[in-house]
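*Asks:* One letter stands for each residue in the lines below.
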Amino acid sequence: MGVGDGLRAGGERVSRLRRFYGAQPLHLLAAVVSFAIVAAGVAGWFQTGSDPRGIIIWALGSVIAFEWILLPLAWLLDRIALGSRTLPGPVNRAYVRVPALLSALLLIVFAPLIVSADKPDFEATTGFTPPDYLARWLLATAAMFVVSAVAYALSLRRVRVAVGQDRSVND
Amino acid sequence: MQDVTGPDGPDGGRLRPWSGRSPLRGPWLTSALGAVLLGGLPVVFITGLLSNAAYNPWLNGNVALQGRSRSPLDFYLFTWPAHPAWLYALNEGIHVSLGLALIPTILVKQWSVMPRLVARPVVRSPAHALERLSLVFLVGGIFFEIVTGLLFEEYWVPYHFDFTAAHYYGAWVFFGALGLHTALKLPKLRQSLRTRGSLARVLRTDLEHTVPEPPEDPALAPDSLVPRAPSSPTMSRRALLGATAAGSVLLGVQGVAQDIGGPVRSLAFLLPRGSEPGTGPNDFPVNGTYASLGLPDHTIGPRWRLRVSSADGQLLQFTRAELSSRFQQHTYWLPIACREGWSTTQRWTGVRLRDLAAAVGVSGTPALSLQALDGATATLASNQVSAEESLLALFVNGVPLSPDHGYPARVIVPGEVAVNCLKWVSAMAFAPVVSA
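Top line first, the protein sequences correspond to chains A and B.
Residue numbering for the first sequence follows the numbering used here, beginning at 1 and increasing consecutively.
Residue numbering for the second sequence follows the numbering used here, beginning at 1 and increasing consecutively.
Be aware that one or more of the hints could be misleading.
Covered stretches of chain A, as calculated for chain B (at least 3 residues, CB under 8 Å) [as the list claims (entries may be wrong)]:
#1 11-17
#2 25-36
#3 44-50
#4 106-116
#5 124-131
#6 145-154
Hints were generated in silico from the structure; no laboratory data involved.
Where is the CB? At the ideal position from N, CA and C, for every residue including glycine.
With the hints as constraints, model all of the structure from the sequences given.
*Replies:* Okay, here's the thing in C-alpha cells:
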C-alpha cells in the first residue's frame, strides 16, 4: 500500500467523521478545549465547600427569568401600553419605549436597593441607613420621560417646519 | 424542496410572539452587539482574575479561594505589586464599571438571538448539539456573573454559597464557552459587519427608512435571525442602539463615580457608595462598622495591646500611645480600594510596617501575617511590607481613627485590596514567606 492510498484512506475517515459529526474536525477540537475549561470551572464550583446546587439554580434561574419571564412580560406590557401592530405604516414608539426600557433596566439592576430587601446588611456594612432608592429611581424615571418628551416635541416641530417649507415651496 | 423552518417557527410566531418578528433583528444587529461584547468582556474577565491575584491568594490566611479549592484554575503567576498606589482601585474600577456598562448590550444581544432559542429542529448534528450545550454554559455563565456581581455590590445575599469562589469559577465557565462561541461565530460576525450594513448608515437611518435586513441564505442559515414575516418597525435601529448606549452610560457612570469618589461620588446615586457619610475627617465610606462586630467597647479601650512577633520568638507588646510616641510617624495619601469597585483616598498617619519589623529584630524583607480583633486574618507579601508607604495607621486626616475605620490601629498598604488591609489589628507576625 502506497503513501497515496494511506492519505486517501485517511481523507475518507475524515470525511466520514465530518458527515457524522456535522462539522470539521477542527470544530471538535475547539469544542473539546472549550468544554475542558468549562468543566474545570464547574468542578471549581463543586470544590468551594458550599452547596453547588444553589449555584446551578442561580445560573439557570437567571437565564429562565430573563428569557421566559422578563422578555415576554416586556412584550406584553409593550402591547398593552402601545397597542397592537395593526396600525398602518411605521409608528414611532421609541419616545415611550426608550425611557421605559431604561427605567426597567435601572429597576432590574438595582432592585435589591430599590425594594430595600437589604436594610440590616446595608446598615452593618456602611454605617448609615439606606437613602430612599425607590424615590431616586422614580425621579430618574421621571427625568428620562421628560427628556424623551422634549425630544419628541422637538422632532414634531422639525416635521412641522419641514412640512411648512414644503407648502411654501408649493405656494 | 425541503421546508426550512424560519425564525417564526412552525406556528408563525403565534406561540412565542416575543421571540421572532421584530424587523430590527438580523445578523448585522447581533454582530454589532457581539463586537462590543468581544471587545469588552475579555477586559472584565482579565481585571477579575487580576482582582483575585491582588489578594496574593497563595499566602496563608488570605481570603479568596485559598485553602478551599485545588482547582487547576487557581494559578498565580506573580506577587501583587505595591506600586502604583492606585493600582487596585483602577483595576477594580474597570472590572465593576465596565461589567455594569456591558449589561444592556448583553440583554439586547440576548433579545436579538431569541429566534435561535426556539429554532427547530433542536439538534441537527452532534456538532450542533455541542454548540447548543455550550450555549447553556455561555448564557448561564454570564447571567450568573451579572446576578451575583450585582447582589454582592448591593449587600443582599439571598444565596448560600461563597460569592468570591462562585463568581471566580463562574467566570471560567463563561469564558470557556465564550472561546468556542467566538471561534465559531467570528467569521460570520466579520462578514455580517462588512456586507450587511454599516454603523454610519444605521445611525443616519430614521424610522421611516428602517427596513428589515436582507434575508439570509436558508441553506447557510437554517435558523435565520431575519424574520420571514417581519412586523412593521415601531422604532429605528439607531433608537435601539441609542437606548443600549444610554443604558451603558447610566450604569457605567455609577461604577466610575463610586471609584473616583470625591465630588463625583454622588453620580453613583443608585449604589451604596454614592454618598459620603458626612464631612468630618473620619466621614468617608466605611465597610463593616465596629458595632456590627458585636464586640464589647473595652476591646478597643486602653487595655488594647498590639502584639508584634518575629519567626525566631521575639515578642513585643505596644500600647497605642507607645506606637505613636516610640516610632517615627509617617503620613501618606493612600486609597482604600474595595473589591466592590469603590475607593476613597485619605491622608493616613502611622508607623511604617518595616520599622515594626526592625523593632522585633527582623531584617531583610519578611512577609507579615496579621490578625484582627474580629478574627480576620491576612498575610502581606514581602514587597508590600517593605514599601515605604505601608503603614500601621493610627490617625487619618490628622485625627485618631474612628472605631468604624479600625481604631486603635489599621493597616494600609499601597496598591492592595482593602480586604487585606485589616482594621482593629491585634497581632502582627513577621515571618519568611510561607506559601499555601
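*Asks:* All hints, please: hold or fail.
*Replies:* Now the hints, each set against the structure:
no. : hint    : verdict
1   : 11-17   : violated (count 0)
2   : 25-36   : holds (count 8)
3   : 44-50   : holds (count 6)
4   : 106-116 : holds (count 6)
5   : 124-131 : holds (count 7)
6   : 145-154 : violated (count 0)
In this structure, the earlier hints numbered 1, 6 are contradicted, and the remaining ones agree with it.
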